[in-house]
Amino acid sequence: MFTHRHRHGRIYETLKEDLIPLSEMKEEQSGIIVEITGGAHAAKRLADLGLSPGAEVEVLSSTFFSGPMQIHVCGSKLIIGRGLAKKIIIKLK
Amino acid sequence: MSDEKKISIVLAGQGNTGKSAVFNYLTGLHQHIGNWAGKTIEKSEGTLFYKGFTIDVVDLPGIYSLTTLSEEEAISRDYIINQKPDFVINIVDSTNLERNLIFTLQLLELDCPVIIVLNMYDLARKKGILIDSKGLEKHFGVPVIPAVASRGAGLSKILDKVVELKDNTGSHWQPHFGKEVESCIDELIPDISDLKSKYPARWIALKLLEKDREIIDMISGINEPLVRKAAVLGKKLEDIHGHDSSVVISDERSLLSFQITRESTTYKRTMQTINERLDAITTHRISGYILMTLIIGGMFFSVFSFGNWFSGLLDTLFSNWHNWWNSFAGTSVTASLGWAAIESVLALFQIAFPYILPFYILLYLLEDWGYIARISFLMDNMMHKMGIHGKACVPFIIGLGCNVPGCMACRIMETRRERFITAVLVTMIPCSAVSVIIFGLVGKYVGIWWAMGLYLMAVAAIFAVGKISSRLMLGEPVELIMPMPDFKTPQIRTVLYQTWDSLKEFVYIASPIVIIAGVLIHAINLAGWMPAVAAVLSPVTVTWLGLPAITGILLIFGILRKELILVMLAAYLGTTDFAQVLSPQQMITLAIVSMFYVPCIATISVLWKEYGWKKAMAVCVLEIAFAIFLAGVVKRILGFVL
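Protein chains in written order, with the working numbering: chain A, 2 to 94; chain B, 331 to 972.
Chain B with its partners taken away, still in its complex shape:
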């Protein structure tokens, strides 16, 4: 038995119920709170001390149902069954009681000690929804606590209940379904009880009837005839209802949650609020798109203006550091490699703070407000043409700022297939560094319309690759289905926590590889191998692409950080007037190669971490081939035009 003064609780709930807000409030450990459903995929843990007790809190992924459908859901169910936490705290969105109760019923079926938290109680009240929490408590036989997690209201009551009921959980009400389903369960239970399983018998019976893969596999190993018996009973249900037996039970559950909701809720008609009108405008088929263009455009304009200003400021700040380092550490090989490491870190900061920080703040502000789901809605159609769906626009938008967090955001996609296709497409999106090249080279010396043309080309390329990869990757495309959150006033605290968290993750993931690669490339340079490298690459750079041989070296440095291509070109030339050495045609060719040739090293490291080295390498190789091919073809076409 565990320590007398120790209590373990897990937080479980559907996506978008403010579960993470409860977790943050309880543990003080800050992690993501999403306004799109099912965002927290990794398990988060924390500890708190209350009235002499040590309480371990685990935040389970946001889920829709406890019948295993996706990875995250499997994790949650396994955890509740195998770890046997003292309490499962079920966080419920009061404004969506009926939908949320479906999940609550499934938790109750698991026969674990449940405490129900009616979160966003104030919002529900504002919408004219009055929930009788005492009535629910009576019905379920478990504590029901109204709360407002964003303000911390009601949360200490959860802890009070946990401490109070620690040794006195007892049994609670079990959901009961229609008589056909119940008679099937009754027939199965005696056989299951003989198994002496650690799972509740009634629950196993339900899962067998629901054709839950995992449970069927488990039981068929012990008692094959039982599985067959359940299949026969399931067939009988199907004959009566004309549906698959798993659907029959889901339907019964949603009917039950409808009945319970009706009994425990009263509605007051409220005036059409500003938010509802805003909702109509932002999802309208004309004004919705206009507004989206304005909002995203405005977001990029402000991030880039701020970023350019701030990055310039940091440039002047860091400008003397190299000289200080040399006077302090000398100019030995070791010192020089040390500087390469420092320079890599500084470079990372120069991306992280001027561009990614404000970008994240604005993004999470939009998310917390509830706008991001509207973008998914508006963009779903276009995303479908690439074999993915509307949720993918979130990683895409983030990718325009920086591909690294863009690839990390692909976790919101439901299946591995969707996740990978989205990540590959994100690596092709011109990030802020690539935008610097496009505008600094092509936009400035060839013309702004040529720069815009390159963006259009990127969109076309992403479409084409999306179409091809969705054909190549096996598996059915998943259709979009997600709750549409109501607009709400963004909580500055939430936004800042999320920003800080994402920024931290970005630096953690990116910095080791950026430093190693920075030192390595610098070492090759010091060893004097660069001209040899340039010579080796010249068949591609000079013969096929028609660029100066030096670009071979630039492109290698560009793997570290794409804007280094421009920075180093300037350093090599001793001027920033690129028109002196590059023809317009060469500028466009170089920009195209830079756009597509390989994700930067930090992005590669994320791909590696999330999808394995094989896929990461495959993406790199294919993208290098694609970029070289495309740039070469465009160069030949431009030969006629320019």
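Extracted from the complex, chain A is given alone in its bound form:
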């Protein structure tokens, strides 16, 4: 749609300072997934739902305190717990 995907290698050229976990993103911010940290199990589950490096993510809304976030990825909406969101590293647009 309006997303641009890169092959993995290229994204790593980005400076570390520009990267934040998805859990810290504010509403209406968007960015591109650079890396999924944490176990292969979680990363696989996420990739099956379209959350993998190169995909564009937009935060639609989040709840109070450390509740879940509603995000837009792969042309569809997902609810994701904050703990999982911490494992997704984003380069802000």
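Since the hints were made in silico from the structure, they are not lab data.
Any given hint could turn out to be false.
What the hints assert, rightly or not - Quick list of simulated restraints, FRET-style, between CB atoms:
| # | chain 1 | residue 1 | chain 2 | residue 2 | range |
| --- | --- | --- | --- | --- | --- |
| 1 | A | H42 | B | S632 | 42 to 50 Å |
| 2 | B | S617 | A | P22 | 48 to 56 Å |
| 3 | B | R543 | A | P22 | 27 to 35 Å |
| 4 | A | H42 | B | E554 | 56 to 64 Å |
| 5 | A | P22 | B | D497 | 25 to 33 Å |
| 6 | A | P22 | B | H506 | 30 to 38 Å |
| 7 | A | H42 | B | I570 | 20 to 28 Å |
| 8 | A | P22 | B | F769 | 43 to 51 Å |
| 9 | B | F636 | A | H42 | 40 to 48 Å |
| 10 | B | G642 | A | P22 | 26 to 34 Å |
| 11 | A | P22 | B | I954 | 28 to 36 Å |
Stated by the list, open to error - Take a look, some chain A residues computed to stay more than 10 Å from chain B by CB distance:
| # | residue |
| --- | --- |
| 12 | D19 |
| 13 | L20 |
| 14 | I21 |
| 15 | S31 |
| 16 | G32 |
| 17 | E36 |
Heads up, the beta-carbon is just placed ideally off N, CA and C, and yes, glycines get one too.
Put chain B on the given structure of chain A with help from the hints.
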């Protein structure tokens, strides 16, 4: 070989794609259609006849991926590989093409004959998404059929294709990944081909690189060096990409589905629809919670008002049946036990129709509309404090109506650990029968604020038990991740099917045990053992809890149906003015015991069926101990207050 005129097809797809709607439409057998992902866990089968063919249809559980992660997914993969259905019908949600194609790619890797159905084609169009189905067909080399399952549009085309291609499935396009992955596959394939396995060689190579437990175990039994070779290649991939090799392949797959989606889809900007605005309001951090309170509160208010009215109506309807039975069957012991059985069934109906039926209708209406996922979103944080996540609020809400379907709804939780913890907590939720006791006894004679206090106490107890049990149960808590469905106009037909299905399941599961227990307790009563039972229980009821000895018997009957405690108390006293025999303090104590002391017999039977008798009994014993302890402590505290 199978019969010439027989065709077998399976329906496969991610959760929430309308797969069950297709199944219902094709077979006329009605089962659940969920608006939350991955709800159908048991396999459903059906048969239909079309153009002289007998077509067997199997509905596989809603899944995200074919790499074994959870029970349901394992079932689906095994089924496709071992049963070799003639066709795998891949139901795809057109509004979420990119995410759904990831699964489609995995199906194609399995090298089985696939037909792709682009379901909810009309919704996608409305959202401004135009999918080039012909282009997809060309790309994949398999039929791609646009459809709208809720209206049945396009579904006969599936059957036409199935019949047309019956003996002519041929091979189709195989997903190809980046060159590093492909070179690893190429190195593995010659060795795998030597195995002459029933699985496609390329697929085994992929699964070995993906570190699929099941396949590694299988291959290491035949050819250990091959597994080691795959591990070395996998390591090489990991060195290049800096990820686990299984993630590398998943990433490649999602990249591929992104590319295919981009090539085959055009977008039109559409106006912000009412539904999108509604979405923003219902998930907002302030208005979302206000709206949720209003909606759930309104739902309970209307169910209870309707239920009380209807149950009163049924009471008058059934009031003469006992006398008719006596004049017809006499008053012998057998006749009396027969009446106990009938009474149990009537009791079940009096819960099922006035309370559970309207409750289910409203619940499924909310679900089909798409609202339930919003509740999961809003409640996730609170649920996490109990070691479970947002999806658990669905069984909780159902449990407020009746614990039995509440426990059954725990199936939507991902792991056995989550499922069991949620079920235990559901048994502690005051169901409509317990609410009758709380309001009929405490609310009416002690004060409405005391009744509210009891509800607060239930919430606190559930929190505490949730915290403790999530510590005790081994295993990592699972984080919430689920697709958020768009709001859509609820389909009355879907809602009614689901309601009917759940109601049927409730009656099937509950009735045998309710009848047996009803007859058994009645027999003990007839034998004149009840005073002895009351005497045996009196150290607890009289000494510790300070209640009249008769409550021991009431609590035993309460196992059948909790509101029997109140009904039988009235029968025993010959009046409904409970203030004559119970002090406020005793009323509160009795209400607390009734709330927690044991799930009713129907709930126990569900726990038994889903988790085994050991766990069911453990829950009963612990809850009895907990209720007696808590009520006794509260009684002593109340001694100072009241």
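Regarding R543(B) and P22(A), is the given constraint of 27 to 35 Å on their beta-carbon distance met? holds, 29 Å
Range first: 56 to 64 Å. Now tell me if the beta carbons of H42(A) and E554(B) are that far apart. violated, 25 Å
Regarding S617(B) and P22(A), is the given constraint of 48 to 56 Å on their beta-carbon distance met? With a Cβ separation near 27 Å, S617(B) and P22(A) fall outside 48 to 56 Å, so the hint is violated.
A range of 26 to 34 Å was offered for this pair. Does it hold for the Cβ distance of G642(B) and P22(A)? Roughly 57 Å apart at Cβ, these two residues miss the hinted range, so it is violated.
Distance restraint evaluation - P22(A), H506(B), Cβ atoms, bounds 30 to 38 Å: Holds - the Cβ-Cβ distance for P22(A) and H506(B), about 33 Å, lies within 30 to 38 Å.
Outcome of range test on Cβ distance (P22(A), I954(B); 28 to 36 Å): Given range 28 to 36 Å: violated, Cβ gap about 46 Å.
Has the hinted range 43 to 51 Å been met by the Cβ atoms of P22(A) and F769(B)? holds, 47 Å
Was S31(A) rightly flagged as not at the interface, with every chain B Cβ beyond 10 Å? S31(A) clear of chain B: closest Cβ-Cβ about 16 Å, beyond 10 Å.
For L20(A), which was marked as not at the interface, is the minimum beta-carbon distance to chain B over 10 Å? Check passes; 14 Å lies beyond 10 Å.
Examine each Cβ of chain B, and state whether all of them lie more than 10 Å from the Cβ of D19(A). Nearest chain B Cβ is 18 Å from D19(A), so the label holds.
Was G32(A) rightly flagged as not at the interface, with every chain B Cβ beyond 10 Å? Non-interface label on G32(A) holds, nearest chain B Cβ at 16 Å vs cutoff 10 Å.
CB-CB spacing for S632(B) and H42(A) relative to the 42 to 50 Å hint: holds, 43 Å
Checked against the numbered hints above, the structure breaks hints 2, 4, 5, 10, 11 and 17 and satisfies the rest.
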